[in-house]
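J.: Below are the chains, spelled out letter by letter.
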Amino acid sequence: MTRRVSVVENILSANDRLAADNRARLDEARVFAINLMASPGAGKTSLITRTVEALRDRLRIGVVDGDLASTLDADRVAALGIPAVQVNTGGNCHLDAVMLQSALPQLPLEELDLLIVENVGNLVCPASFKLGVHKDVLIASVPEGDDKPYKYPPMYRGVDALVLNKIDVLGAFDFDVDYFRRGVEVLNPGLAFFPLSCKTGEGLSAWLDWVEGQVRSFKEQG
Amino acid sequence: MHELPVTQSLLEIALRHAEAAGAKRIVQLNLVIGQFSSIVDDSVQFYWDIISRGTIAEGARLHFERTPGQLRCVACGEVFSIDGKDYVCPMCESTQVVVVSGDDFRLESIEVE
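First to last, the sequence lines map onto chains A and B.
By this note's numbering, the letter at position 46 of the first sequence is numbered 46, and the numbering carries on one by one without gaps.
By this note's numbering, the letter at position 104 of the second sequence is numbered 104, and the numbering carries on one by one without gaps.
There could be a bad hint or two in this list.
Said to hold, decoys possible - Sample of chain B residues facing chain A (criterion: CB under 7 angstroms; computed from the structure):
| # | residue |
| --- | --- |
| 1 | L10 |
| 2 | L11 |
| 3 | E12 |
| 4 | H17 |
| 5 | A21 |
| 6 | V40 |
| 7 | T55 |
| 8 | E58 |
| 9 | R66 |
| 10 | G77 |
| 11 | F80 |
| 12 | S81 |
| 13 | Y87 |
| 14 | E111 |
No lab work stands behind these hints: they were computed from the structure.
Note that the Cβ used here is the ideal one computed from N, Cα and C, for glycine as well.
Just chain A, same shape as in the assembly (with noise of 0.2 angstroms):
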């Protein structure tokens, strides 16, 4: 005999658990928590060298990198001197919890204000997985086109900022912004949004702003 039992069970609920396992331990340590994604090539690493070379004489900074097999990036974040950790998925297309987990005790997190975690290139698999961060954050970019909240809605859907990379050659692509803004705002409504460039510096401080008042409102609450 047959019979159905509920569940009503998030299907990543173990992930999820975790997550929140990693958001209790940056609680604990003080130190606030930003997932950063995007697409290969949008700009990741050089968003993060701009915050950190910025923010590095008033904020703690780590940096946790996710990464398929080399060590590109984290050499270049290494290179800037500050707490750096590589997360190797072994060609894995995201970061999860687990991951996170096991790099977390390899940072001095009670040293530290910001710790940034850069995801794996990929504009899909890492809207699925919870890290346990404060905050999600994705990064666009002009060459990629301005039809990218159409066509890859969930992480659209998910993240807390927007941060629209490469600025600078806007006048090179058809990409049109209003476009671009009003499929964003459908999915996402009043989404935090920084077009800039990582090249020029235009339109930086907006985001620094907004990343220092994150990490200092987050301190504030004690």
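Following the hints, put chain B in place on chain A, whose structure we already have.
T.: Chain B only, in chain A's frame:
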């Protein structure tokens, strides 16, 4: 390409609930997957057939219920499905639209013996 961890998580959840219900065998899993969640049914089934071997879930069917990504027009109230090109109301062409469904990603129930 994250169907393997998805399938492993499914198995863990199904076995846990089956055990709690005192079941001897799991016959079917009923999944609800929204259009804003990205998994490939055939790929999950492929992994499922391998990793469920030797458990009480071996041979269980995976039933996927797909819920469409739907939008509602704030101006005229029309509810419509996303087409991947634009988010504009097909009735009044307003761009003031909000998401009403498509985020589901859950194991709704299991059928057991």
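J.: Each hint needs a verdict: does it hold in this structure or not?
T.: These are the hints, each one checked on the structure:
1. Because the closest C-beta pair between L10 of chain B and chain A is about 6 angstroms apart, less than 7 angstroms, the hint holds.
2. Nearest Cβ of chain A to the Cβ of L11 of chain B: about 10 angstroms, over the 7 angstroms cut. The hint is violated.
3. With a cut of 7 angstroms, the hint placing E12 of chain B at the interface with chain A holds, because the nearest CB-to-CB distance is about 6 angstroms.
4. For H17 of chain B, the suggested interface contact is upheld, since its CB lies about 5 angstroms from the closest CB of chain A, less than 7 angstroms.
5. With a least beta-carbon distance of about 5 angstroms to chain A, the hint placing A21 of chain B at the interface is held under the 7 angstroms criterion.
6. About 11 angstroms separates the beta-carbon of V40 of chain B from the nearest beta-carbon of chain A, more than 7 angstroms, and the hint is not met.
7. A cut of 7 angstroms between beta carbons decides the hint on T55 of chain B: the least distance to chain A is about 16 angstroms, and the hint is violated.
8. Interface restraint check for E58 of chain B: the shortest CB-CB distance to chain A comes to about 16 angstroms, outside 7 angstroms, so the restraint is violated.
9. Violation of the interface hint for R66 of chain B is found here, the shortest Cβ-Cβ separation to chain A being roughly 14 angstroms, above the 7 angstroms cut-off.
10. Taken as an interface hint, G77 of chain B does not check out: its beta carbon lies about 16 angstroms from the nearest beta carbon of chain A, beyond 7 angstroms.
11. Against a cut-off of 7 angstroms between C-beta atoms, the interface hint on F80 of chain B is violated, since the closest Cβ of chain A lies about 12 angstroms away.
12. Of the supplied interface hints, the one on S81 of chain B is violated, with its beta-carbon coming no nearer than about 12 angstroms to a beta-carbon of chain A, more than 7 angstroms.
13. A hinted interface residue such as Y87 of chain B counts as satisfied when its beta carbon comes closer than 7 angstroms to some beta carbon of chain A; here the least separation is about 4 angstroms, so the hint holds.
14. Interface hint at E111 of chain B: satisfied, since its Cβ lies 5 angstroms from the closest Cβ of chain A, which is below the 7 angstroms cut-off.
In this structure, the hints that do not hold are numbers 2, 6, 7, 8, 9, 10, 11, 12, in rising order.
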